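S.K.: Note that the protein sequences, when read in sequence, are chains A and B.
Quick note: the first sequence uses my numbering, first residue 1, plus one each step.
Quick note: the second sequence uses my numbering, first residue 1, plus one each step.
There's no promise every hint is true.
Residues from chain B shown here face chain A by an in silico Cβ test under 10 Å; the list is partial [what the hints assert, rightly or not]:
1) Ser11
2) Arg14
3) Asn15
4) Gly41
5) Glu121
6) Gly124
7) Ala125
8) Gly126
9) Pro144
10) Gln147
11) Ser149
12) Ile166
Keep in mind that the hints were calculated from the coordinates and are not lab data.
The model shown is predicted, which means the values in this text are computed figures rather than measured ones.
Quick reminder that beta carbons are idealized off the backbone N, C-alpha and C, glycines included.
The primary structure of each chain is shown beneath.
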Amino acid sequence: MGHDDTPKRSGARDLERYAGLFARRTQAMKSSAMRDLMAVTARPEIISLAGGLPDTSTFPAEDFAALMARVAVDASAKALQYGPTEGLDDVKRCIAQVMAAEEMDVEPEDLLVTTGGQQVIDLVCKTLIDPGDVVVAEAPTYPGAVPVFVSYQADVVQIEMDEHGMRTDVLRAELERLDREGRVPKFIYTVPSFQNPAGVTMALERRRELVRIAHERELIVLEDNPYGLLRYEGSPLPTLYRLDGGEFVIYLGTFSKILSPGLRLGWAAAPRPVLDKLNLGKGGADLCSSTLSQQFVVTYFAERDWRTYLRSLVDLYRRRRDVMLAALADHFPPEASWTRPGGGLFIWARLPEFIDTTDLLARALRDNVAFVPGRAAYLDGRGGSEMRLNFSGVSDDDIREGVRRIGKVVREQVGLYSTLTGVKPETAAAQNVVELRRKAG
Amino acid sequence: MRVAVLKGGRSLERNVSLRSGARVEDALQRLGHEVVPIDVGPDLVDRLGDVRPDVAFVALHGRGGEDGTVQELLELVGVPYTASGPSACSRCMDKVVAKHELRGAGLPTPDFYAFSQAAFEELGAGRALPALEERLDFPIVVKPAAQGSALGIKFARTAADVPGAIVAAFSYDTKVLLERYVEGRDLAVSVLDGPHGPEALPVVEAIPHEEHFYDFEARYEIGRTAFVCPALLEPETTARAQELALAAYATLGCSGFARVDLLLEQGTGELYLLEANAIPGLTDTSLLPLAAEAAGISFEGLIARIVELAVETAPA
Chain A
1 MGHDDTPKRS
11 GARDLERYAG
21 LFARRTQAMK
31 SSAMRDLMAV
41 TARPEIISLA
51 GGLPDTSTFP
61 AEDFAALMAR
71 VAVDASAKAL
81 QYGPTEGLDD
91 VKRCIAQVMA
101 AEEMDVEPED
111 LLVTTGGQQV
121 IDLVCKTLID
131 PGDVVVAEAP
141 TYPGAVPVFV
151 SYQADVVQIE
161 MDEHGMRTDV
171 LRAELERLDR
181 EGRVPKFIYT
191 VPSFQNPAGV
201 TMALERRREL
211 VRIAHERELI
221 VLEDNPYGLL
231 RYEGSPLPTL
241 YRLDGGEFVI
251 YLGTFSKILS
261 PGLRLGWAAA
271 PRPVLDKLNL
281 GKGGADLCSS
291 TLSQQFVVTY
301 FAERDWRTYL
311 RSLVDLYRRR
321 RDVMLAALAD
331 HFPPEASWTR
341 PGGGLFIWAR
351 LPEFIDTTDL
361 LARALRDNVA
371 FVPGRAAYLD
381 GRGGSEMRLN
391 FSGVSDDDIR
401 EGVRRIGKVV
411 REQVGLYSTL
421 TGVKPETAAA
431 QNVVELRRKA
441 G
Chain B
1 MRVAVLKGGR
11 SLERNVSLRS
21 GARVEDALQR
31 LGHEVVPIDV
41 GPDLVDRLGD
51 VRPDVAFVAL
61 HGRGGEDGTV
71 QELLELVGVP
81 YTASGPSACS
91 RCMDKVVAKH
101 ELRGAGLPTP
111 DFYAFSQAAF
121 EELGAGRALP
131 ALEERLDFPI
141 VVKPAAQGSA
151 LGIKFARTAA
161 DVPGAIVAAF
171 SYDTKVLLER
181 YVEGRDLAVS
191 VLDGPHGPEA
201 LPVVEAIPHE
211 EHFYDFEARY
221 EIGRTAFVCP
231 ALLEPETTAR
241 AQELALAAYA
251 TLGCSGFARV
261 DLLLEQGTGE
271 LYLLEANAIP
281 GLTDTSLLPL
291 AAEAAGISFE
301 GLIARIVELA
311 VETAPA
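So that you can see chain B by itself, here it is in the shape it has in the complex:
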């Protein structure tokens, strides 16, 4: 098959995407496919027209590639593509929408409030902050609604930190999320579709080195965080995390594969869904390939299955 690997683009996760793309290209070549790498830009439609791929492997992360934009375009030009469709992508990309969906489906997610820039500028939402702070309790986590990496995520320890954290989050998006901080363990469950429906892969735990605990940027970086897979959990906790991940995957309408991030609260043992990534990283240090390998699926095996799924599910 001729496979176009879409990567790069101009999102803030361009670098990670280039690394995911390169590794995917490598695997596709070893699988015997004809590979055409495309660094997506204004010429994407023309390039697709020239290349006429049998399938597009979307290895884009962040805005543009993971939010449904590229998927919509691929639907339009009639090229089958990997992973979720436009609506699931846009739901996953916007943490606020995703959390509303999850909560609506009765799934646990940390309490939160979301505001648009307009709410502050036109509706005086700033006046509501004290009430919100009362309800969420400090520390509060402030996040941009749509940003895949750790950029722009801040801890507000006191009320004085909140305005600055909100301004920072608005650097990334016109919507911000203020979320109750759940202290506990960071878990990630990848979901991979297959002949018998979506399956949850072994749970990965990210354990930041002590000194980086409040440094979100360090949390998913090799050497600054240790990754354990399968995570050392009680069997019922593992089962529950996988069950929640599958429920989130279904609720958000994902297909192909996705990664669901959870927190296991210290003390209560409760699990909370944080977010779902419609196109998680596929680099050599990413969590989905790690979980797949723990399940006995090689990287090539993983890529082969993802491509097969894309071709099978494409409308004739």
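So here's chain A without its partners, still in its complex pose:
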């Protein structure tokens, strides 16, 4: 090549050198193709039903300015300083108010303030999981939990759901199967209310049964409850934490959905010995959560009625949910089915089995619309024909138009498949989420 004067270095060895440095746990991380696809969804011309975003535009800017000014005047030095790892006592009192709204009674000593609810998932894994340990989750599960489980090399067993949430009979059977294999799960991860992504809520009897199982087996349950207060209909159900009395349930809460995700503030309520370990883990991760954000929350709770703002969000999201349900009924083909959530931010739709929603997303992006492909919510490759749709962070018009565009590409693929096979496709049998409701009404 005429470059022999340059000392030869093996590029391959360079690459392999880095590859050799990566921890084994990074090998199982999600494929870059899926990440690349999701990167395109962020472009401004795209109507994204892929997010999980609350609508922060409804928070009055003048309130934000006034409250931040108050923080600056009253607590400047404290707001700019490190804080205790477990969080400010004043914030814990605000958290106690929020939990009391769902009839939970906590002491400040039961609480750990975290950097978003997401950090609780990470800390619980960090504290409980050795590589190969079993975590039990719902099928589908919160897509954001998947990379956490994977990075701690947990072996995740996903339990199917129906319209009453996780099937506790299936859970019992799976736990017995694991017993026979000599494996004990470390914890059961669940989003019992208005689940992300499926939008279903665990029935009261299932909740009692789950807590019973936890007590019988002395097993931790991680109850992720970001949406409990975003209820659009019906009456509230007791949280697992309340039913359990704080013995085996680690409760995860967050300010993200009732105030702002930009604050990055969440919390864990847990049995003290577990909380102490989580606290140690958090110290190593980030010393403490943003003191500035914590001061903002304290000021907000002191100066405003957080329930008033929450009520406005509930009204807004209820309307958007209804707009999306109506649009789905108008635009999705009869082969599709979807959930009708009583709260939260998401609807989960199931398409005929021959449609791969990861590929469908590529097609949908050409029509400037995005959703989350179902595979993101499973660790075992299932969910290939399912999708998550968000209605909270999108305007009514964009919901209608977005669903119309997705419906169009779905119909196109259904039609093409019929042309190829000469038969009208059967509706996919519901295997994981039984009784996804056919059409609204």
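Since chain A is already given, all that's left is putting chain B on it; use the hints.
M.R.: For chain B alone, kept in the frame of chain A given last:
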């Protein structure tokens, strides 16, 4: 020189393009050029008018940037640019066109059939699938004609898998390719132009970890696939792979640089050309920079040569 680095855009390979672009910008700066990064969008023509670059470095991958669209535009506004021109780009981007060209030139490429969506919808091409399946034998690889990454590529193990795989491939393009599956080793030969004409760089072999063998997405990912360069091949196989890559490069009319992907069939030892990438990745984990380094050409050296070529070959 003032160099505009065109990157991003809205193709499905936007992310890779941003990474290629960032690395190219870095190298250009170290080479002493004035660098203007442009994330291409509807304002591209205006931006080029404002920036008035001496040369545009096209670090775009996939539709829009690698298919000749941007190159056509650059010709129109009179800005010299790197790598292949519009016609070579459009030939490389469309695997069906590329394979027809290669086969027409007597070069080996796996047997294939291609169909447009209209063929299925208007001409009843579905009726021809059984005959096709007979000829290609299972497993069959189903691909969108124009998609640079592994997205949309599926193995059909039986006839029942074929319709779903075709529907998936049509998610990316209006034309799909059904190709005989060649079992063997994945090779990539990068071609780089120079003072003495195009030269083939050392061969890279991508060896997917066993468990990812049928997972195309894993195949070009660090940590899930091992890359060996120069590939451990018989000298005559290496020579033949390089010769085929150069022939493909010439047949498709590429200029500047390109990467040609091949398969070395297990058992027969035959080499087959799969496709040519007119603008292969230039990230820190991409195969062209890896091959260049194995040939003793640093990344800066590579970028410097690519820019020189663009300026030299530009019409006065």
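S.K.: Does Gly41 of chain B pass the interface check with chain A, least Cβ-Cβ distance below 10 Å?
M.R.: 9 Å, holds
S.K.: Taking the least C-beta to C-beta distance, is Ala125 of chain B closer than 10 Å to chain A?
M.R.: For Ala125 of chain B, the interface hint holds, since the closest Cβ of chain A sits about 9 Å away, which is under 10 Å.
S.K.: Would you check whether Gln147 of chain B satisfies its interface hint, that is, whether its CB is within less than 10 Å of any CB in chain A?
M.R.: 8 Å, holds
S.K.: Restraint: Arg14 of chain B near chain A, CB-CB cut 10 Å. Satisfied or not?
M.R.: Status holds, d = 6 Å.
S.K.: Double-check Asn15 of chain B for me: the hint is only fine if its C-beta lies closer than 10 Å to a C-beta in chain A.
M.R.: 4 Å, holds
S.K.: Next item in the hint list is Pro144 of chain B. Is there a CB on chain A closer than 10 Å to its CB?
M.R.: Result: holds, 9 Å to nearest chain A Cβ.
S.K.: Hold the hint about Gly124 of chain B up to the distance rule: shortest CB distance to chain A must be less than 10 Å.
M.R.: Given a least distance of 8 Å, the restraint on Gly124 of chain B holds.
S.K.: With chain A as the partner, please determine if Glu121 of chain B meets the hint condition of a C-beta pair closer than 10 Å.
M.R.: 6 Å, holds
S.K.: Does the nearest C-beta of chain A fall within a distance shorter than 10 Å of the C-beta of Ser149 of chain B?
M.R.: Because about 6 Å separates Ser149 of chain B from the closest Cβ in chain A, which is inside the 10 Å limit, the hint holds.
S.K.: Can you verify the interface hint for Ile166 of chain B: is its Cβ closer than 10 Å to any Cβ in chain A?
M.R.: Result: holds, 6 Å to nearest chain A Cβ.
S.K.: Tell me if the interface restraint on Ser11 of chain B is satisfied: Cβ within less than 10 Å of some Cβ in chain A.
M.R.: 8 Å, holds
S.K.: Under the criterion of a CB-CB separation shorter than 10 Å, is Gly126 of chain B in contact with chain A as hinted?
M.R.: 4 Å, holds
When the structure is compared with the earlier hints, no violation turns up for any of them.
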